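Okay, here's what each chain looks like letter by letter:
There are 2 protein chains.
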Amino acid sequence: MRSTRTSRFSSERCHNTTKSSSVSENAKMTSKSQRVDGEEERTSQTKNTIDFLSICGKLKQTKRTGWTKYKEITSRVESVADHSFRIALMAFVFGLQQEEDKEEKVLDVQKLVTMALVHDIAESIVGDITPHCGISKEEKNTLEVEAMEKLKETLGDVAGETIETLWLEYENGSSREARVVKELDKLEMLLQASEYENEYKDVDLTEFYSSCDGSFKTESGKRWVEEILRRRPVR
Amino acid sequence: MRSTRTSRFSSERCHNTTKSSSVSENAKMTSKSQRVDGEEERTSQTKNTIDFLSICGKLKQTKRTGWTKYKEITSRVESVADHSFRIALMAFVFGLQQEEDKEEKVLDVQKLVTMALVHDIAESIVGDITPHCGISKEEKNTLEVEAMEKLKETLGDVAGETIETLWLEYENGSSREARVVKELDKLEMLLQASEYENEYKDVDLTEFYSSCDGSFKTESGKRWVEEILRRRPVR
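Each protein sequence line maps, in turn, to chains A and B.
Numbered by the numbering used here, the letters in the first sequence go through residues 3 to 237 in order.
Numbered by the numbering used here, the letters in the second sequence go through residues 3 to 237 in order.
If you're looking for bench data, these hints aren't it; they were derived computationally from the structure.
Check each hint, because a few of them may be wrong.
Intra- or inter-copy, both count: the list cannot distinguish identical chains.
[Claimed, not checked] Straight-line distance between alpha carbons at most 27 Å, and here's what the computed DSS-like set of lysine-lysine pairs gives:
#1 LYS184 - LYS60
#2 LYS224 - LYS49
#3 LYS203 - LYS49
#4 LYS184 - LYS152
#5 LYS60 - LYS71
#6 LYS184 - LYS49
#7 LYS49 - LYS219
#8 LYS142 - LYS152
#9 LYS224 - LYS60
#10 LYS188 - LYS49
#11 LYS60 - LYS73
All of these numbers come straight from a predicted model, not from anything done at the bench.
Given only the sequences and the hints, what does the whole structure look like? Please build it.
Quick look at the structure:
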């Protein structure tokens, strides 16, 4: 009996050990395979991230088309990245000044800044299409939506989805932040226009101001554009 | 009695009315004067804001000095604003990917992005000073601190203070976010270096990679630099 019991015990132990060993080995293998999967996933995520950042980096060399027809400023035409930098900074200041006025704290500052940062990234694939490029508004929109979809897929994961969501929200003007960033997009352009006009006295960029008539609905937007207009050189 | 009471009542009412009227008039005057003050304050804040944004806009025309000595890429040297745009985008992606990994949610995404956005704004006044400009590290730091102080005073209010605080935190590397943005500053430069090397096959930018040896402490930073190095053209 003892022997049997021992044997059984032994067998049980053995069985348990085997089972335990098997679980442990399986666990090790799973863990190793998870590590490999996790590692592969991270490597793939890294590759996608750098691909995405490289595509968006093309905005450094993408000229803002609107200015290019003015031969006086050809050598100083800003890039889409230049414009995106300052509109993001404007969004940050706009958000901070709103926070100073306790009664009107209605905008999400992080959303404002990041939306401004990504609002033109589809142009890294399709370029800066303006109303003078011979492409209809609908066609431009289709091209940009496709480009954004490609960028989302390139980056992947939650990051890709978050950036696409922000971009679409901006495009559709479907939130307060989106409507503010749309105002800032025009304000950044007008500030740049007034700076070009002050630097190149023969250049008259009235068409840019005219294109923004009635665009400013926020109190800050109205005050900012008034100040920018005040800075235009007297002709 | 009645008359007296009425009279007293009347007098009280009168007194109250006078008092009330006087308070009301004072209130009106205060309110008007506050409105005038408030209006003046807003006008002044708007002027300061546009001044600040115009100074920072100079980063669009400020070349990143490091690349300028490579004559092959002279015509394609990026601006400090170009660099600032992509580092802010990198910071956003870095923050979002961290959020996907629930266990490591330690960084404030808004702080990461806005710190990246403003990390070079002092250069809008002092230019992009590199170790090859003949200016010591201490002197460069003094110049930039003074420039940042000027920018803070130009913008004023909470917004000016917030931006200066972020900039100083970055300069001193005094938070996790600051240390990450310092890594991103180098990663953005190396990604740009690898892109230039792939575009201009004769250009060898090894000195930029060497200057970053041992700079990457975060797991993502290490993976990103490995991927960037993998993209350098084979010589």
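Checked hints:
1. LYS184 - LYS60: both (22 Å within a copy, 23 Å between copies)
2. LYS224 - LYS49: between (44 Å within a copy, 13 Å between copies)
3. LYS203 - LYS49: Answer is between; shortest inter-copy Cα gap is 22 Å, intra-copy 47 Å.
4. LYS184 - LYS152: So LYS184 and LYS152 pass the 27 Å test inside one copy only (23 Å; across, 30 Å).
5. LYS60 - LYS71: Both: 21 Å inside a copy, 22 Å across copies.
6. LYS184 - LYS49: Cα proximity of LYS184 and LYS49: across copies only (21 Å, versus 32 Å in one copy).
7. LYS49 - LYS219: For LYS49 and LYS219, the Cα distance is within 27 Å only across copies (19 Å; inside one copy 42 Å).
8. LYS142 - LYS152: Within. Shortest intra-copy distance 15 Å satisfies the 27 Å Cα cut-off; inter-copy 42 Å does not.
9. LYS224 - LYS60: For LYS224 and LYS60, the Cα distance is within 27 Å only across copies (24 Å; inside one copy 33 Å).
10. LYS188 - LYS49: between (35 Å within a copy, 18 Å between copies)
11. LYS60 - LYS73: both (23 Å within a copy, 21 Å between copies)
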